[in-house]
Amino acid sequence: MGDWQDSPPSTDYTIDELMVAVMSTFFVDEDQACNGMASFIPVSAFMLARATHAPNLVWLAGASGLEPRPEKVPASTLEAPLWGDSVMYVEQYGDFWNYALNGRWLQKFCVGAAQLDMYGNANNSVIGDYDNPKVRLPGTAGLGDMGSIGKLLYYWNPNHNPRSIVEKVDFVSAAGYLGGGSEREDLGLTGGPQAVVTNLAVLDFEPESKRMRLVSTHPGVTVDQTQEATGFELVVEGEVPETTVPTEEQVRLIREEIDPDGMRKREFGR
Amino acid sequence: MGDWQDSPPSTDYTIDELMVAVMSTFFVDEDQACNGMASFIPVSAFMLARATHAPNLVWLAGASGLEPRPEKVPASTLEAPLWGDSVMYVEQYGDFWNYALNGRWLQKFCVGAAQLDMYGNANNSVIGDYDNPKVRLPGTAGLGDMGSIGKLLYYWNPNHNPRSIVEKVDFVSAAGYLGGGSEREDLGLTGGPQAVVTNLAVLDFEPESKRMRLVSTHPGVTVDQTQEATGFELVVEGEVPETTVPTEEQVRLIREEIDPDGMRKREFGR
Amino acid sequence: MTKVTTIEDAIASHVQDGDIVALQNMATQAAPMAAVRELIRQGKRELGLVVLVGGMAVDWLAAAGVINRLIGAAVSMEQFGLCQQYRNAVERGDIAVEELSETALNARLGAGARNLPFLPTRGLIGTDLIDINDNLVMIPDPFGGTDIVACKALVPDVALVHAHRADQHGNVQYEPTILWPDIGIMPKAATKVIVTAEEIVDTEVLRRNPDRTVLPGFIVDAVVEVPYGAHPTSFPPSYGYDGAMHLEWAKGARDPDATAQFMEKYITGPGDQAAYLDAVGGVGKLAAMQNWEA
Amino acid sequence: MTKVTTIEDAIASHVQDGDIVALQNMATQAAPMAAVRELIRQGKRELGLVVLVGGMAVDWLAAAGVINRLIGAAVSMEQFGLCQQYRNAVERGDIAVEELSETALNARLGAGARNLPFLPTRGLIGTDLIDINDNLVMIPDPFGGTDIVACKALVPDVALVHAHRADQHGNVQYEPTILWPDIGIMPKAATKVIVTAEEIVDTEVLRRNPDRTVLPGFIVDAVVEVPYGAHPTSFPPSYGYDGAMHLEWAKGARDPDATAQFMEKYITGPGDQAAYLDAVGGVGKLAAMQNWEA
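Chains as they are written, first to last, in this note's numbering: chain Z, 1 to 270; chain U, 1 to 270; chain G, 1 to 294; chain S, 1 to 294.
In case anyone wonders, no lab produced these hints; they're calculated from the structure. One or more hints might be untrue.
Computed, partial: chain G to chain Z, Cβ under 7 Å [to be verified]:
hint, residue
1, Asn115
2, Lys188
3, Asp211
4, Thr213
5, Met245
Per the computed footprint, the stretches of chain S lying under chain G, defined by three or more beta-carbons under 8 Å from a beta-carbon of chain G, are [what the hints assert, rightly or not]:
hint, stretch
6, 117–128
7, 137–150
8, 213–222
Calculated pairs, DSSO-like style, for lysine-lysine (alpha carbon to alpha carbon, straight line, at most 27 Å) [to be verified]:
hint, chain 1, residue 1, chain 2, residue 2
9, S, Lys285, S, Lys265
10, Z, Lys265, Z, Lys72
11, S, Lys251, S, Lys265
12, S, Lys285, S, Lys251
13, G, Lys251, U, Lys134
14, Z, Lys108, Z, Lys265
15, S, Lys251, Z, Lys265
16, G, Lys251, G, Lys265
17, U, Lys108, U, Lys168
18, S, Lys251, Z, Lys134
19, G, Lys265, U, Lys265
20, U, Lys265, U, Lys108
Positions of the beta carbon are idealized from the N, C-alpha and C atoms, including for glycine.
All chains, full assembly: derive it from the sequences and hints.
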């Protein structure tokens with residue numbers, strides 16, 4: 001159990017492995033985690049957490065299959081190979097919301113978004129005007145709910161650039177801190193965005209203004225580089241530390257046991 | 001198939017058999033019928049209808065087991081022996097209401113009530129004051145819904161007397177025609193009580209006033225006897241005919257094939 | 001970290017006097033009777049009950065003075081008659097009743113589970129049951145139709161259910177049968193969930209039929225193995241109701257002395273489930289019993 | 001009176017131009033693709049689609065000009081990318097999108113099934129999706145809490161689903177798998193229901209596992225036997241998605257000529273399901289195919 005911690009820092013990790021390792025730290029033992037489609041980084045992170053510091057992390061794969069034991073990360077995170085060997089099927093998917101809407105369970109949710117803004121609002125709907133869009137994005141799906149119902153949101157973004165991390169989203173399809181400050185709270189919404197893990201840095205939200213804040217930059221990435229890749233001015237407080245890199249054992253687990261086919265790499269470079 | 005019709009009128013039918021035969025006529029082929037607990041007369045009527053004029057009557061036993069084939073009417077109409085051999089379990093009972101609330105299915109519902117009044121309102125809640133009741137009755141259960149959601153209601157009452165057929169129910173636990181006339185319609189409610197089958201007579205509701213009206217009296221029962229057993233003045237239009245009695249074949253089916261244990265007789269004389 | 005415990009501990013740890021207890025139950029079917037007996041043995045007081053249809057369990061709890069309020073759609077033992085002890089207690093003013101239709105009860109519990117302030121129904125419109133209940137309010141349809149009934153969210157403190165099998169993590173499985181709303185919604189609305197099960201099995205057993213697992217362990221607080229845990233109610237397809245015992249209760253419940261004797265003989269006398277099973281004739285008799293009679 | 005018919009007759013009889021069609025579908029999973037191909041072959045026009053998550057079916061229908069509006073939570077083929085033809089049509093203004101969160105879509109359909117004017121959700125509060133949609137209205141909580149979203153009832157004209165087996169009366173059974181809302185609620189909200197099934201069986205077969213029957217015959221209008229009726233989407237546990245065909249479409253859909261060729265080769269060319277199965281390599285190849293790849 002302690003192996004992964006005692007193991008030395010990896011010297012040949014790749015950025016996807018670092019992101020998986022960082023995301024895994026958001027989940028503690030006996031948390032409940034669920035995933036949606038195209039969620040290779042979060043699924044790898046759940047499997048890593050279960051293999052290391054959170055063996056009793058409850059995983060509801062695809063919001064449908066409880067405690068699955070997939071041999072490896074499959075080619076889809078919303079198909080039967082992920083949850084074929086489950087303890088329970090949430091057979092009628094509508095029933096999932098009896099657990100997710102209740103404030104006591106499934107409190108943390110990992111989110112990918114085409115656009116994310118300085119207050120953690122997400123856009124998966126349209127670039128441009130809603131009725132006359134320049135780009136039609138896939139749609140808000142469950143994220144439109146998760147943003148408003150008190151969940152703690154953890155964003156991942158494998159392509160940190162000024163088009164995906166923007167000052168203001170073209171369209172709010174999931175609620176973050178809205179216009180910042182107390183605006184979210186004033187609507188009676190609890191929870192909200194907690195962290196953002198990108199290919200450059202780890203970020204969170206400054207408690208008062210709710211503006212995105214730099215927590216750490218990944219080894220080899222400077223604060224300036226991160227700022228240049230961001231569509232607005234990040235909150236930077238004092239010296240910004242370097243992101244903790246995965247240990248050799250974490251990298252071995254990811255490469256050999258969890259995701260030998262490298263599905264986690266699919267989300268990069270789009 | 002025609003046997004039961006060509007068969008001569010029974011000369012030794014009992015009143016429960018007559019009531020079962022009358023109730024069976026309310027259901028036509030391809031209707032959908034469901035039953036609740038302690039519904040021996042309706043369940044016998046459904047089984048008789050399926051054995052005679054309505055072979056494709058869809059039966060959702062206990063609102064839960066579709067198209068069951070019980071060997072006979074069992075000791076309970078809300079236990080597994082009724083629906084053990086079903087085509088479908090409405091396994092999550094909540095799902096029943098996805099069918100029942102929709103205006104297209106399960107349009108007819110058979111109802112027993114401790115008190116029924118001149119406008120077809122039913123009381124299964126309390127005799128006396130609600131908070132300080134003289135008698136606590138079992139409760140409205142599904143009837144509180146069925147009265148308001150547009151169903152056609154068919155009441156049965158094996159003990160027609162001035163305490164059970166009353167001028168005004170002590171408490172409206174299921175909506176009939178409320179205060180009569182257009183009062184039900186004015187609330188936006190469709191459907192409503194259609195008929196009442198008792199141990200003395202068959203009744204319906206006069207279309208304008210919505211007052212209970214005598215349709216027929218059972219052989220050997222006079223209009224006066226029926227009126228005396230009723231807590232208010234019945235609408236009587238012209239000569240009141242005699243209720244059609246079951247045929248010999250209907251009686252044979254009830255006694256030998258449908259309810260050999262005589263469960264239908266349990267509701268009488270209470 | 002196992003959730004397996006004893007019924008004594010489960011009830012002592014998770015049910016407080018004054019709690020609202022959601023109880024799996026139908027007229028004669030599938031009630032967690034071992035848990036009900038333990039509530040009585042521990043002398044719980046001022047509990048509120050939530051039932052779709054309450055049967056003998058409600059009558060026992062009323063007779064023992066455990067409950068002072070009930071939220072439900074009906075209370076009846078069907079062919080065994082009304083619940084006399086419950087009825088007497090209501091008529092005495094010892095139990096307050098919030099009577100709901102089935103859709104209104106489902107709506108209150110569904111809103112509780114989904115953290116909604118209310119769910120609407122068209123049931124009960126026109127009845128007196130709306131007038132006497134502050135938890136039901138007529139509201140306008142924002143899309144221009146007729147008014148409907150808003151049913152306020154209900155969050156029971158604890159749900160008690162009986163299942164065919166469970167694992168130590170609280171994952172709960174049922175054989176194919178009808179799952180009344182006490183399984184479908186009550187445990188999801190309640191703050192805590194206590195499960196008694198005919199047997200506790202290894203998780204691997206549950207994995208063979210994941211579609212039969214209907215409650216996930218993460219919502220369950222305590223699991224207790226109690227063979228014949230629903231007796232004398234039925235637990236299809238495993239066993240039918242005990243008709244003779246229902247008749248014995250229905251007859252005795254009309255008479256204070258007979259009621260007291262029954263309670264002593266079957267509930268307060270036997271100290272645990274094993275002693276209870278002996279008192280009702282032993283497992284051998286139960287296994288051989290022709291069920292569904294009377 | 002049998003409801004068994006052909007896919008040609010089912011679509012011709014029960015789907016009219018302009019209808020709102022609720023379509024079983026996920027990104028790569030369990031869509032009634034034989035019915036979708038028939039909609040295209042019959043040249044249906046101006047259909048509205050309701051999907052939780054639309055995949056290749058939506059893209060085909062968009063490419064063929066069958067649909068002019070979509071109500072749904074997402075459209076994507078997951079690892080095979082966005083649906084390009086759908087996206088192009090929306091960007092051209094040929095398809096109007098009513099984008100809903102999952103709870104809002106469930107609420108609209110649930111209200112449709114239960115004859116309620118609306119159901120509420122707490123999802124979407126604070127987003128722009130409420131502002132652009134007249135079917136979502138903020139309403140006060142009559143019990144004094146914060147405002148919530150009323151989601152107007154949606155009643156599709158027809159629901160299309162694919163199942164593992166059905167009988168001639170339209171009773172529909174699924175193997176243990178996840179039943180997305182397209183099964184759980186769409187057919188109950190829709191005015192008509194068309195079922196394609198891997199096989200039509202005698203009712204006696206369904207009686208062996210009544211818990212696996214999930215739609216009752218009385219809500220179903222037409223039943224068609226279509227082996228591999230979900231191909232090239234997956235139909236767990238029977239078969240996986242056809243990854244090669246998804247890749248072929250995803251690549252071709254970026255190019256008009258390749259799209260036209262694909263449509264001719266697999267959809268408009270083959271006159272029926274048998275010809276389609278030949279065009280995709282034949283049943284022998286499908287049975288031997290390693291699924292879930294790519």
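Requested in this report: Go through the numbered hints given earlier and state which of them the structure violates, listing their numbers in rising order.
Outcome: Failing hints, ascending: 5, 8, 19.
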